[in-house]
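Protein chains: 2
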Amino acid sequence: MAMPQPDERILERAPQIVTALRGVLPEDAVIDDPQETLAYECDALTAYRCAPLAVVLPRTTAEVAEAMRVCGVMGVPVVPRGAGTSLAGGALPTADCVVIGTARLNQVLEIDTDNRFIRVQTGVTNLSVSEVLEPHGFFYAPDPSSQLACTIAGNIAMNSGGAHCLKYGVTTNNLMGATVVLTTGEIVELGGAELASSGLDLLGLLCGSEGQLGIVTEAFLRILPRPEGARPMLIGFDSPEVAGECVARIIRSGVLPVAIEYMDEPCLRAVEDFAQAGYPKCAAVLIVEVEGSPDEIADQIARIRAIADELEPVEFRESRNADDALAIWKGRKSAFGAMGRLGDYICLDGTVPVGQLPHTLRRIGELSKQHGLEVANVFHAGDGNMHPLILFNANEPGQLERAEAFGADILRLCVEVGGCLTGEHGVGVEKRDLMDVQYDAPDLAMQMEVKDVFDPTWILNPAKVFPLQASAAHRLKAVQ
Amino acid sequence: MAMPQPDERILERAPQIVTALRGVLPEDAVIDDPQETLAYECDALTAYRCAPLAVVLPRTTAEVAEAMRVCGVMGVPVVPRGAGTSLAGGALPTADCVVIGTARLNQVLEIDTDNRFIRVQTGVTNLSVSEVLEPHGFFYAPDPSSQLACTIAGNIAMNSGGAHCLKYGVTTNNLMGATVVLTTGEIVELGGAELASSGLDLLGLLCGSEGQLGIVTEAFLRILPRPEGARPMLIGFDSPEVAGECVARIIRSGVLPVAIEYMDEPCLRAVEDFAQAGYPKCAAVLIVEVEGSPDEIADQIARIRAIADELEPVEFRESRNADDALAIWKGRKSAFGAMGRLGDYICLDGTVPVGQLPHTLRRIGELSKQHGLEVANVFHAGDGNMHPLILFNANEPGQLERAEAFGADILRLCVEVGGCLTGEHGVGVEKRDLMDVQYDAPDLAMQMEVKDVFDPTWILNPAKVFPLQASAAHRLKAVQ
Chain L
1 MAMPQPDERI LERAPQIVTA LRGVLPEDAV IDDPQETLAY ECDALTAYRC APLAVVLPRT
61 TAEVAEAMRV CGVMGVPVVP RGAGTSLAGG ALPTADCVVI GTARLNQVLE IDTDNRFIRV
121 QTGVTNLSVS EVLEPHGFFY APDPSSQLAC TIAGNIAMNS GGAHCLKYGV TTNNLMGATV
181 VLTTGEIVEL GGAELASSGL DLLGLLCGSE GQLGIVTEAF LRILPRPEGA RPMLIGFDSP
241 EVAGECVARI IRSGVLPVAI EYMDEPCLRA VEDFAQAGYP KCAAVLIVEV EGSPDEIADQ
301 IARIRAIADE LEPVEFRESR NADDALAIWK GRKSAFGAMG RLGDYICLDG TVPVGQLPHT
361 LRRIGELSKQ HGLEVANVFH AGDGNMHPLI LFNANEPGQL ERAEAFGADI LRLCVEVGGC
421 LTGEHGVGVE KRDLMDVQYD APDLAMQMEV KDVFDPTWIL NPAKVFPLQA SAAHRLKAVQ
Chain D
1 MAMPQPDERI LERAPQIVTA LRGVLPEDAV IDDPQETLAY ECDALTAYRC APLAVVLPRT
61 TAEVAEAMRV CGVMGVPVVP RGAGTSLAGG ALPTADCVVI GTARLNQVLE IDTDNRFIRV
121 QTGVTNLSVS EVLEPHGFFY APDPSSQLAC TIAGNIAMNS GGAHCLKYGV TTNNLMGATV
181 VLTTGEIVEL GGAELASSGL DLLGLLCGSE GQLGIVTEAF LRILPRPEGA RPMLIGFDSP
241 EVAGECVARI IRSGVLPVAI EYMDEPCLRA VEDFAQAGYP KCAAVLIVEV EGSPDEIADQ
301 IARIRAIADE LEPVEFRESR NADDALAIWK GRKSAFGAMG RLGDYICLDG TVPVGQLPHT
361 LRRIGELSKQ HGLEVANVFH AGDGNMHPLI LFNANEPGQL ERAEAFGADI LRLCVEVGGC
421 LTGEHGVGVE KRDLMDVQYD APDLAMQMEV KDVFDPTWIL NPAKVFPLQA SAAHRLKAVQ
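Protein chains in written order, with the numbering used here: chain L, 1 to 480; chain D, 1 to 480.
Derived from the structure by calculation, the hints contain no laboratory data. Treat the hints with care, since some could be wrong.
Since the list can't tell identical chains apart, any single copy or any two copies may satisfy a pair.
[Unchecked claim] Straight-line distance between alpha carbons at most 25 Å, and here's what the computed DMTMM-like set of lysine to aspartate or glutamate pairs gives: (1) Lys-477 - Glu-186; (2) Lys-167 - Asp-295; (3) Lys-281 - Glu-245; (4) Lys-167 - Glu-296.
Could you build all of it, start to finish, from the sequences and the hints given here?
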């Protein structure tokens, strides 16, 4: 993926920029020692690396505003960063940028169970939000796989999902309000303790905008009472397409599990080698979890069992207690770790209508043969959010490029069947140059003109989301 | 509410404008006979009336695009219109405008139960969508009170809700894609058969934008399988605040009814006189409906009964069959008709955090005494979406103004407790001049700059949503 050349005029002014930042921020909030800025050179898309000019780590909205104002006035690109867990390069720096990190924005500000919200600074991690709510009997629904590390700031930027989003929706469905710092240093409040909005829904626009419009420093999040209980079942099939059909039929029937996870044979093999979860040897496994009162759980399991039985599964395993449940989830939870042992991989994130799962899985198999690279599928099947993992050898010249070409073909396929480039990882740099597969020129132009409003000089999170050439044109127009 | 003076230069060119429209549209699609345009002089906010310059009724997206292009080129304001059921004046014409009506965009284009969507032209009525889905065992969730008449176009423009939105979300949670005509006549596609999006969420921005950004001519809507059964219960309390507390406790407990409706004593009296529904004589009644399998229903009723019992209701009536259920709903369904017999009213639409319901109901009672006007409350309590009806006598000079002042005080109260000016009726002309109660100047400026992108000359749905002075400044800037 091409990245733009850094602006020499900015690099030359690096000392002045750092001095200006130090002028408005506490001493320890500005980092420019190359040894230390190196820690920010990449996110979880580690194939791409570039250390920033400086890193700032503010503790308050006011400090973020000061840093943004300095960068805005001096024309310095800003790369917002949560925990750096983006798989799409959403937090990849440029050499001429200042990274604004949320690591120290880690305060829980208010818990209101009556009105079902929590207000936090956005540097808190996703998991810690649910942890702090546990004594109150509540939880925060979106649960990305990276929830131990990833921040609410990153979740909002990427409109993150997770296994439980089938029932509870993704971040945009659970975000009630946000404090946003604009490139001018202005601070605006969108939404609040109540979900409804008047006028244009800028909060909805902001969610998933990948740091292109502003930096969210505080958020009101919708919280939910913990369900009485939850029970997973494991269903094995001897064909990926039949497993896909089973997902489609469950969804069509109106049962709404909290999670439907899918693992195919290459994934199952890796998981067994790594975690000995005792999964059946078959072409595909579904993990379906339901929750509610004991009656509700029994009712839902019976209905799902009836649907699965019509498709002749090779195994149907129902958890009867907490140990069973842990055993069923054990393999799935270790899937990404297990795949890591197989070698290098890129993890995709296309989304398709659920009815298209069988066709899409078959076509991915065919593309795997064409490109000569193995692919493993492990993903949130219930909402059609696929995560094909393409395995390759980074040390063999040309393999990364082949893996990327294969990935691009899969994403084109997703769009072709009525789906979309990304479900929860975002566009970042990874899918930037595929945006015109999904959008016509007028659609993309409109998105970029909306960015013009929030970030007229295009300093926010450069070289992401929009095709490089198109975004360069907008930046140029702003400078003239 | 002040409306801007019509632009004389446009009125002078009326014949040329009509001729230009006739040049690109079928003969019967353009109406300029003052006898006929009179039918479009108002919507359901009948206190304000103004016949448009002309009305066009296209049958296809291409025809809407042609009409928009003509208006765009000639600089003529366009007022989009669904069925004209807006209670906030969202479809109120100006004398110098062309109304583009969706009455003939009434085709159902595709039903896909596997992928759970229906694709329609947006002039279809809300109820007819669920009717056409009934043989398939599916339904469309948002159900505004006006669902017999109101169109999907209007639902999208206002982000409409309804009694069942507590469980299923409002329009924005059920809208998957849209075909939009811009003021240039360009046609863009946002979203589609799959809910996820890449880049900026323009579909979310469009939903609820009240005709300020474009005209939606076709839509992909999320459809749901019909539940096995539904059962309402009626709970009477001798205090509005205790009824409000009951709502808050149900929500906090994690039970999720499909509907929690609230009626206070003035409303109950009117309903009894009109419909003899046999409701108890008390200060407030809740109708709570749950749905699911027989087991799920029984479980939820038991939990709600336990919560209500703690608050010592004067009555708890549980429906045991379809006749019981009809009897419970009968009064609520006739509430607006019943109130109409009491005289003139304005129906508000503020939204508050559910925990603030008791306080807000008490303050509305106090405001009623201060303003010397009676108020009746009948609304969707579960999501805090209040609909106070202020009763007044339109024939007595000054009463409309007093009712409006009372209404403005209620909406200020909603914002003050952390709520919002509108839940589902939109801002329209009604709340236009209160937007600065909810938003600071920079917040509002940002919304208006986003409108600049879609509608640079501000011809779409003039004098709505944004304070008159502010929107006049944007229009002026565009013309210069």
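For which of the previously enumerated hints does the structure constitute a violation, in increasing order of number?
As far as the earlier hints go, not one is violated by this structure.
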